[in-house]
Amino acid sequence: MRRRPLAAAGLALAIALAAAWSLVPAAWQALTAVKPDAQITSVPAVWVPSPPTAEHVRALWERKPFARYLANSAGIALAATLLCLAAAAPAAAALCRMRPRARNRWLLGLLLVSLFPPILLLFPLYEGVRLLGLVNSPLALVLPYAAFGLPLAVWVLEAGFRELPKEVEEAATLDGLGPLGRLLRVQLPLAAPSVTAAALLTFIASWNEFLLALSFTTRDTSRTVTAGIASVSGASLYEVPWGQLSAAIVLSTLPVVLLVLVFERRISGGLTGGAVKG
Amino acid sequence: MSARWAGAASALALLLAVSGCRAGETPHGNGVTLRMLVPANERPFWMPLTESFAKARPGTRIVLEEGPVPTDLRESLTTAALLSADGAFDLVYLDVTWTSKLAAAGWLLPLDGDIGEAERAAFLPQALAAGFFRGRLYRIPFRTDVGLLYYRADLLAAAGIAPPRTFAELEAAAQRLQSPPELWGFLWQGAQYEGLVCFFLEVLHGHGGSWIDPGTLEVGLDRPQAEAALSFLLRARVPGGISPQGVAAYKEEETRHLFQSGRAVFLRSWPYVWRLAQREGSAVAGKIGVLPVPTLSGDAGSGTLGGWGLAVARSSRHPAEALAFVRHATKLESQRLFCEATGFAPARADAYEDPALLAANPFLADLGRIHAGATPRPVIARYAQASDILQRHLTAALAGLSTPRAALASAARETRLVLGEAP
Amino acid sequence: MSAGTLATRARRERVLLLTPVLVLLALVVAIPALRVVHLGFTRTELDDAVVSSWAGLATHARTFGDGRFLGALRNTALFTSLSVLLEVTLGTALALLLDRPSRGRGALRAVVLVPWALPTSVMALAWAWIFHDTFGMANDLLARLGLLGEPVAWLAQPATAMAALVVADAWKTTPFVALIVLAGLQGIPAEVLEAARVDGAGPFQRFRRITLPLLLPSLVVATLFRAIQSWGAFDIVYVMTGGGPGGSTETLALYAYQSWFRYLDFGYGAAIAVQGMLLALVLAAVVVRLASRREVE
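Residue numbers (my numbering), protein chains in the order written: chain A, 2 to 279; chain B, 127 to 549; chain C, 3 to 299.
A few of these clues could be false.
For the chain B half of the interface with chain A, some residues (derived, Cβ under 8 Å), not all of them [stated by the list, open to error]: (1) 206; (2) 210; (3) 211; (4) 212; (5) 214.
List of simulated lysine-lysine pairs, DSSO-like, C-alpha gap at most 30 Å [to be verified]: (6) B/457 / B/181; (7) B/413 / B/377; (8) A/65 / B/181; (9) B/377 / A/65.
Everything labelled a hint here was simulated from the structure, so no lab data went into it.
Using N, Cα and C, we set each Cβ at its ideal position, and we do this for glycine too.
Starting from the given sequences, assemble the full structure and let the hints guide the process.
Written out as structure tokens, the structure is:
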């Protein structure tokens, strides 16, 4: 196919715009985080800091227990992911063996569940957390996050399991493995890409969640990065030095950005897998 | 093999998750730790008080948690903390308007039994009254506020105008002396927030109107007096009026900056402005006076009562120690320390005769007098909702989205809906 | 072993395998959903304690006289329709771009996914900074491009605040739409498009006559998902504007939240949330109805 130079240039421009649109807002934060205060408040804006400064990161680290926020986020997201997979994997194994009509009904049901807006469930969940004395406990967030991740995790895992050749499973059954054994020894290892996708999707969603994290924690040391950052600001945007805030934004989002850039293939695969079924 | 990895990972995750909540609690031996939320800008001034308390009572210490400066954000934080019954705060530093909600929800410890008549008499009566709800005492006042009319004494004297007592006199003086946009006649807080309600109430009472009767829950917003009051605000903002258009977005600081740089003849604001305006470097130092807010008739108007006080959370595990700190913070020495440093008005009556405080802030003499006429906002459990409704409709009228009558009628209707639910 | 016992064993197995999911969803979704519906039928009073009592439809009826509820409803509808429109348009364009073979395609896909992965609440702060009236990047960029005479106070006026919200929301969710549409694009047989090209159809014609109709299912799915999610949007509004200026960007989710945690009006907050959800279902039904009618044509 002969590429007309104009079309090629147009394509390159489109790609550049798409990349810029996606990255510039986040990049602006990263630049602000290392910009000296005088350059932050200069008009017209100074885009590239010269020289870059670590002042904001240092001040933020002293002011707020950011290490705690990050540890809380990581721990809670990890625990939620594991719990989610622990529930989703058996369900996916059960679903992939079902007849198509029953299976689709289940998958559709899960889809409908995923459409419930969190705000609807917030207050009753809060009541439950309060009743069980779990305010400020990580468990208060791990359980809901695991549940919220279920629909997508089940979809992705089920699609992955269904692709596995039947013979391997049959061989495992003949070997005397029960359903759990088959799951752990055969299905999960063979469907590792789907497992990774499901895990990543759940982890990212848990890391990013805000509403429950905000409502279920009242002590600063129990907060996750999302709730913690909201406490750094305040409605009056003039209180907080923007340099520190940008540093906070960068620190909170760096882990997830790295995950996405490294595991992009898996994540896209997981999302589109669900979409194709839809 | 994969199962083992999964097991190890889960253990690690759970460890991380659990460690996330335990490690923050630094044990304090056998001592008692009390927690209180204070705004970030006041925290440094509270430290001397908490330190002196810790010295007087070894084994007890107060941890001051830093909260956001905007009041309504701290209200949300405090409400959320008390709602969660997590024991996060032992002492509550609360605004006059929070008492009713927090007390009605059953989260504050009644203090009547512990604080007797003799102790109560030490405080300014209006400030103390704000700590009562349904006849029981929940809050001891710490610092108090009342709405005031500041004026440029030099400008009025030069023009031979007497300080205004009525709205008409104020409008006339402002019109005569102003030369917008360098010098505006009258500045007030018109942004959509509690400050707008405070100012509007002064104008409303000055016109003989009423908002909500706390006893009968009767709403007076759709009566002619309220419409007249709102019209006064609107009149000020029309082109050619005595207030700049921007006043509809101003809060305290914007108006203070303008007045302090000599850009206004009259300013309605709170006592804190006085010290800052009289400081070296202020364009109006030595040139200002203060009056009670005006009324229709010329009788002394009643400024809106503001201020902050201390209460003990019912869920506190150390109520006795908490009460001890309340007493400590409202002692004369503590009041002197805090108010000298910050310029806020103390809540103790004898502080207004204290030579050290008067020397640091001679304005207190005038303030004590004007404070006697301070009027509280309605003490009802659903105050936050009623205030938000009023703010919204006042702003709509100020923005021209609604006529004063329609806005007030709508506000009255919605307020009645909200109150109809309360007993 | 008889066939019947095998079938029973299989069914029992299946039930066991599905139990964890069912338990989690019951605890976190089903029971709370029922509870919030119940809460909407109660009245909350503050009488030395927070007291709830049965109120029938009285609490729900309050929304009809509540100007703030109508305002929140209007804001939510506006925000949802504008965001979804922007996201589906941009997402489709992005998907078309990603579908084309090009050298940087893999890297582009990763880059394009970044906005979706970032926490909405954290990026909302970033967007508030970008739209800062004096020092923000938006005004700076527009000024440099010569498109702006005076700096715009984005978050200080209702219309521009809403616009800023929509842009921020679209930035975050466009990748999600793009991936769904991309999957749909990849499902279109290349031969059909090739045949049309040979027949002389230009690129726009090919898109309109062939691609778009075949993409309809994906577009419907994306629109539906995004519409329902936008309807319940909380994070971006709470952090970026707080519902301001003056409540002009307050959504139903925000009003419900305030009712619960600021006013302690639990029953009313539930009524707001439930009514909002019902309206979302109506919205979804409308979208599905429009889409299926389209397909019949």
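Each hint, compared with the structure:
Annotation: residue 206 of chain B was flagged as interfacial toward chain A, and the flag holds, the nearest CB pair being 6 Å apart, inside 8 Å. Taking 8 Å as the C-beta contact cut-off toward chain A, the hint placing residue 210 of chain B at the interface holds, the least distance being around 4 Å. Of the supplied interface hints, the one on residue 211 of chain B holds, with its beta-carbon coming within about 7 Å of a beta-carbon of chain A, less than 8 Å. With its C-beta approaching chain A no nearer than about 5 Å, residue 212 of chain B sits inside the 8 Å limit, and its interface hint holds.
The criterion of a C-beta within 8 Å of any C-beta in chain A is met by residue 214 of chain B, whose closest approach is roughly 5 Å, and the hint holds. Distance restraint check for residue 457 of chain B and residue 181 of chain B: the Cα-Cα separation of roughly 15 Å lies within the 30 Å cut-off, and the hinted pair is therefore satisfied. Among the hinted pairs, residue 413 of chain B with residue 377 of chain B is consistent with the structure: their alpha-carbon atoms are about 23 Å apart, no more than 30 Å. Taking the CA atoms of residue 65 of chain A and residue 181 of chain B, the gap is about 28 Å. The hint holds against a cut of 30 Å.
A distance of roughly 28 Å separates the Cα atoms of residue 377 of chain B and residue 65 of chain A; the hinted pair therefore holds under the 30 Å criterion.
Checked against the numbered hints above, the structure violates none of them.
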